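**Student:** Read off the chains here:
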Amino acid sequence: SQQGEEDPQALSIQEGENATMNCSYKTSINNLQWYRQNSGRGLVHLILIRSNEREKHSGRLRVTLDTSKKSSSLLITASRAADTASYFCATDAARGKLIFGQGTELSVKP
Amino acid sequence: NAGVTQTPKFQVLKTGQSMTLQCAQDMNHNSMYWYRQDPGMGLRLIYYSASEGTTDKGEVPNGYNVSRLNKREFSLRLESAAPSQTSVYFCASSEQGITEAFFGQGTRLTVV
Chain A
4 SQQGEEDPQA LSIQEGENAT MNCSYKTSIN NLQWYRQNSG RGLVHLILIR SNEREKHSGR
64 LRVTLDTSKK SSSLLITASR AADTASYFCA TDAARGKLIF GQGTELSVKP
Chain B
-8 NAGVTQTPKF QVLKTGQSMT LQCAQDMNHN SMYWYRQDPG MGLRLIYYSA SEGTTDKGEV
52 PNGYNVSRLN KREFSLRLES AAPSQTSVYF CASSEQGITE AFFGQGTRLT VV
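Same order as they appear, the protein sequences are chains A and B.
Just so you know, we're using the numbering used here here: the first sequence kicks off at 4 and counts up by one.
Just so you know, we're using the numbering used here here: the second sequence kicks off at -8 and counts up by one.
These aren't lab readings, by the way, just hints derived from the structure by calculation.
These figures come from a predicted structure and were not determined experimentally.
Hints may be right or wrong, so weigh each one.
[Claimed, not checked] Stretches of chain B that chain A covers, calculated by requiring three or more beta carbons in the stretch to come under 8 Å of a beta carbon on chain A:
#, stretch
1, 13 to 27
2, 45 to 56
[What the hints assert, rightly or not] On the chain B side, residues computed to face chain A include the following (Cβ under 8 Å):
#, residue
3, 1
4, 34
5, 81
6, 91
7, 92
8, 94
9, 95
10, 96
Glycine is no exception: its CB is placed at the ideal position from the N, C-alpha and C atoms.
Please model the entire structure based on the sequences and the hints provided.
**Tutor:** Shown next, in the form of structure tokens:
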């Protein structure tokens, strides 16, 4: 089974609203990463948070990590129609393998 | 820089045929990956290579073989294609297994 599980599976919001996606994982990690995928294209890296960090910001993105709960959240503030995409969390399982969750499909309506 | 290049972009195979998906990266990365993506399943790791000459199974290795030909290239081979292998295949690379990964644009494979 996959290491990361995203919640919700799908999210629909209006432009300007905030979008929050959650990721839970099963085993201990060195870091957790978030990626974005536009319809059928390759994934693009958004942000990496290390296991000893609790929060990280990058532009309109805010990521939190709670290692005691084995969970992370991605917040996109002031969303735009161009943020419509699928978002995936990924963790480094044993021996450096990068394992992805099932993703959250975000739709931002203008 | 081209980044990660996958060929072909599209392929249709008949059940039982074989083919090799090619992947090359020009970033001097050590780690390379092959994933498959199916609707509702996210990305699942097929095989992983931590460095030239080493490969390791991922979550769904059955029916596939890989070769890390050199530091740049990592190929995925389907010896006898099955309809269950219809999927979009992505190759990725990273400096190490725990750093940012860069993805190719994918190969859309249909097995009929």
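**Student:** Report the numbers of all earlier hints that the structure fails to satisfy, in ascending order.
**Tutor:** Hint 3 contradicted; others consistent.
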